[in-house]
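Participant: Chain by chain, the residues:
Protein chains: 2
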Amino acid sequence: MSPKITTELLKQLRQVMKSPKYVQEPVQAYIVPSGDAHQSEYIAPCDCRRAFISGFDGSAGTAIVTEQHAAMWTDGRYFLQAAHQMDNNWTLMKMGLKDTPTQEDWLVSVLPEGSKVGVDPFIIPADQWKRMSKALRSAGHDLVPVKENLIDTIWTDCPQRPCKPLITLDPSYTGVSWRDKIVALRSKMAERKVLWFVVTALDEVAWLFNLRGSDVEYNPVFFAYAVIGMNTIRLFIDGDRMMDPAVREHLQLDSTLEPEFKIQVMPYGSILSELQAVGAGLSPKEKVWLSDKASYALTEAIPKAYRYLTPYTPICIAKAVKNASETEGMRRAHVPKGTVTEIIAADKAEEFRSQQKDFVELSFATISSTGPNGAIIHYKPVPETNRTLSVNEIYLLDSGAQYKDGTTDVTRTMHFGIPSAYEKECFTYVLKGHIAVSAAIFPNGTKGHLLDSFARSALWDCGLDYLHGTGHGVGSFLNVHEGPCGISYKTFADEPLEAGMIVSDEPGYYEDGSFGVRIENVVLVIPAETKYNFKNRGSLTFEPLTLVPIQTKMIDVNLLTQKECNWVNDYHQKCREVIGAELERQGRHEALRWLIQETEPLIRVQ
Amino acid sequence: MSPKITTELLKQLRQVMKSPKYVQEPVQAYIVPSGDAHQSEYIAPCDCRRAFISGFDGSAGTAIVTEQHAAMWTDGRYFLQAAHQMDNNWTLMKMGLKDTPTQEDWLVSVLPEGSKVGVDPFIIPADQWKRMSKALRSAGHDLVPVKENLIDTIWTDCPQRPCKPLITLDPSYTGVSWRDKIVALRSKMAERKVLWFVVTALDEVAWLFNLRGSDVEYNPVFFAYAVIGMNTIRLFIDGDRMMDPAVREHLQLDSTLEPEFKIQVMPYGSILSELQAVGAGLSPKEKVWLSDKASYALTEAIPKAYRYLTPYTPICIAKAVKNASETEGMRRAHVPKGTVTEIIAADKAEEFRSQQKDFVELSFATISSTGPNGAIIHYKPVPETNRTLSVNEIYLLDSGAQYKDGTTDVTRTMHFGIPSAYEKECFTYVLKGHIAVSAAIFPNGTKGHLLDSFARSALWDCGLDYLHGTGHGVGSFLNVHEGPCGISYKTFADEPLEAGMIVSDEPGYYEDGSFGVRIENVVLVIPAETKYNFKNRGSLTFEPLTLVPIQTKMIDVNLLTQKECNWVNDYHQKCREVIGAELERQGRHEALRWLIQETEPLIRVQ
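Line order of the protein sequences matches chains A and B. So for the first sequence, the numbering used here puts the first residue at 1; every next one is plus one. So for the second sequence, the numbering used here puts the first residue at 1; every next one is plus one.
For reference, chain A alone in the conformation it holds in the complex (with noise of 0.2 Å):
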């Protein structure tokens, strides 16, 4: 992984900061979110500008470029992969380290006074734009919108917004159709007396209306945005997508249906200057229900008296609690369908994916990483990286797949010689880790923050940490990353956690330049036995939805307790039953032979 070379992209993003032709005034410091229009983790290639400028391609980044500096914002999991990214243009701020500087002191710190700081406020989030200017001004600088964006100004060879055909989903997927939805959501803006509704995340649309796409890789949604009236429905999307047959079909565009429901299709460029027209026809007492991570220029076309923001969406709230007909789904969609390098081994795991029934695409870029390349928390094997994977070193595969009843994300971490003591230490904490999560008894309505140092204590012990969370909410055939539940460390984005989410459970360890261990499973949120159930508040605990044997070599038995012990041989008793009766149906007797050999119980020496 050698850097980009950028000082000639600076140099020209330098020049149209202080051209006329783009900016009204000169700007002395530019921002460049990671993010699309619609605040998504995974973006189109079109809209990977962060990438482009700067050659750091994580999924979380935030670029500031001065007249004199360059620098970039990020998290514990991509430190080492930026680094090996960007060239000497470049100030890595490593965020969630004590001395790093806030993107606001460090503009201050570092801007003359009186500057102008620009952003495109379709990227920035209202709540960002919000903070950041609040900090400047309170500094004497101002953050101002800027309509062009400076990086597409330089970007000659940018490629086009995607444009897919669509999938659709029936009930029997999604367990509701998308009338009925529109049903709840109306009931829900009734509650909370607002009139109009601004769906703005990708996978928030995609799911109102039970469609798919692919215009993100990984991510099955679409480019569009959704208005929804008490009494209106619009949908705002580009190309041809609406001539499909089935798609018309499915939304009922040709049918006589009563006007609530009839979908008024409209170009997706168009959002902003129909938005204008809903904010300057309200009257007063009516109000407009947008996330707070809408764009900036979004909220803006709504005038402020109007305007009613929350931090999670009721989509997003009803998205997260999977219905009976997801979850089965989601079942179904963790039981097989499905000497070499990193590539070939990420390849072969694709293509047995691919076999599977529902397959739709992979729900991320697998990570095959095999000794070193494993500490790089989010690696992604490229020619130039690309190690052989060996009897001498731990081998880490994260992968998923998004099949049309569900989404998959499983890490396992593999040795396939012998491992050294200390790699089954690690690899041990972090499978006490793992199960601690899994195994956990918490009230209903617990934030799953507080779940997150259950994984970490066995490494805590022993004065070893990972810099990223525990886990995050899974989509059903959506986003393998969404909100508003997780486990981490973190509080913010954190809804209190109900029967039916889904979430994963992955707790890692990383030796920078040796080795990575993860083990991922997703796990579903369900109803637990106690003996006294929090005076009726009820109990919950997790049952795992992955079933993939965990590498019994790897594991130092004499770290696990009994109970921990018991833990990994009923789950691996309950992979033999489920995948192995499968893998029997499919006749595949060699994966079979295998499977029995790897869930043989653990035996723990008192």
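If you are wondering where the hints come from, they were derived from the structure by calculation, not from laboratory data. It is possible that part of the hints are untrue.
Copies of the same chain are indistinguishable here, so a pair counts whether it falls within one copy or spans any two.
Claimed, not checked - Calculated cross-link-like contacts (lysine-lysine; reagent style PhoX-like; alpha-carbon spacing at most 25 Å):
1. Lys147 with Lys4
2. Lys531 with Lys553
3. Lys98 with Lys535
4. Lys535 with Lys4
5. Lys535 with Lys490
6. Lys404 with Lys4
7. Lys130 with Lys285
8. Lys285 with Lys134
Assemble chain B onto chain A, guided by the hints.
Facilitator: Same frame as chain A, but now just chain B:
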């Protein structure tokens, strides 16, 4: 505990809410917060306005009175107590439960259009004002400052504001002189480029000047403000306390000093006008540093552009990390120096404490509760509720004292007969939680909220929980509750833990109408030895400063792991050694025999 009858008082309050003598325009609602003008948790009798109007005298709660309603918000520690103390005029709003409205939402739901909501601007913290004001404004109402406190106008026998003599502490207790504290503060001010710092919290004034008082029961503080400039020190304090030769000597009021250490003494009541004068004299870029918890009145005295507000002041942070003299003092303070009813038992505990060297006063009202009273988390025995201790009920004693060398706070739960299996089961889960926190190892800089679930895990496994945080910061001969650190499921007011900080570790379990269990030690954050030391980030753990036997009769040994069993035995061994030696020295042979008996090692049947 019979409720206070408030019908007549509420009628009077509703009259003054409309009286032009006190309000420019009638207010439709009046907020009565808990605190005083310094946002103290414990307050002087003259500031107990919320208790006066409602009867509920717990440490936390906010009353709101409208023309039709009277409502009280308080948290899980006080649900039972508040319900007992308030009459039917009041609605109890149980904070933390899902269906309880916030104060703002409730006001919006009950107020007629365009209402005015009044509050004393000296009592409401600026951050609360801001949040409340914004929420009300967006619903068409107004939050207005009412200069004269309306409760005071109807409180005919309101006690005088206390003005007790001061105690001076020399550096053998404090480790650092007040002059050096001023120097350190000014260097923090220079770092943040502020010219003035306003000290509003009573414990911060006391800490800064190495003075203690007794204006507020249990908290060794005195009513005062301070305003520190780069070359000036102003102390706002009433009474003839500054005439005391010891105080004059301590503060060097009569010495020839460098002008920047010369303390100007001013009347307590002149703070607002003095601060307004400071505010009026500022040039651009000259900033004044205040806590964002300072009162709205004082915050407003400084024009917005000149304010520098932070959630934690530099004094709060410096005070939390105890130096060697303070830590040693806290250790000393925890070694003794010190057929029955709850009240007699509480009095006896105070008597014993008061015989010890350096005793000043209790650090909070002793909680001495037996049987069902134990389930009232912040119970204080009064004649109407006083129960006789018996051999049939669990007894809970939560007590502490202020010594010149430190502050103590300890809870033990005991049975004088034969506890039931269920009582032992609950006690043992609480003990497991106590040990899990006390023995936890974690990386340097971990926030306390990440340890909270360790205290609950054993309870959760059986479907039990407790509705309070696990620990609070403890001052050094200062408030027994202090910021900025703690161990709670709540994540606000939670600065990272570092060596030298002192917190309590006090999980519990409360069975309404039956019994309460709590096991509390004060613990010091100390460096830990770990195998891998978090890549030199450093490891922390806790050392118990409290050394009081935990009643082994209440422990179901079979529910403990061997590690937990060893922890109890090691702890009891230390109690024997340290406390035993002191009892021997003091010639308290009966107490020594009791100690030996209570610290017999547990034996776990394998």
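Participant: Each hint: holds or not?
Facilitator: These are the hints, each one checked on the structure:
In this assembly of identical chains, Lys147 and Lys4 lie within 25 Å of each other by CA distance neither inside one copy nor across copies; the values are 27 Å within and 63 Å between. Taking the closest pair of Cα atoms, Lys531 and Lys553 come within 25 Å of each other only across two copies (23 Å); inside a single copy the shortest separation is 36 Å, beyond that limit. Only between protomers do Lys98 and Lys535 lie at most 25 Å apart by alpha-carbon distance; the minimum there is 15 Å, versus 42 Å within a single protomer. For the homomeric pair Lys535 and Lys4, neither the shortest alpha-carbon distance inside one copy (59 Å) nor that between copies (30 Å) is at most 25 Å.
In this assembly of identical chains, the alpha carbons of Lys535 and Lys490 lie at most 25 Å apart only when taken from different copies (21 Å versus 29 Å within one copy). In this assembly of identical chains, the alpha carbons of Lys404 and Lys4 never lie at most 25 Å apart, being 38 Å within a copy and 63 Å across copies at closest. Proximity of Lys130 and Lys285 under a CA criterion of 25 Å is satisfied in both settings, with 23 Å inside one chain copy and 22 Å between copies. In this assembly of identical chains, Lys285 and Lys134 lie within 25 Å of each other by CA distance solely across copies; the values are 16 Å between and 27 Å within a copy.
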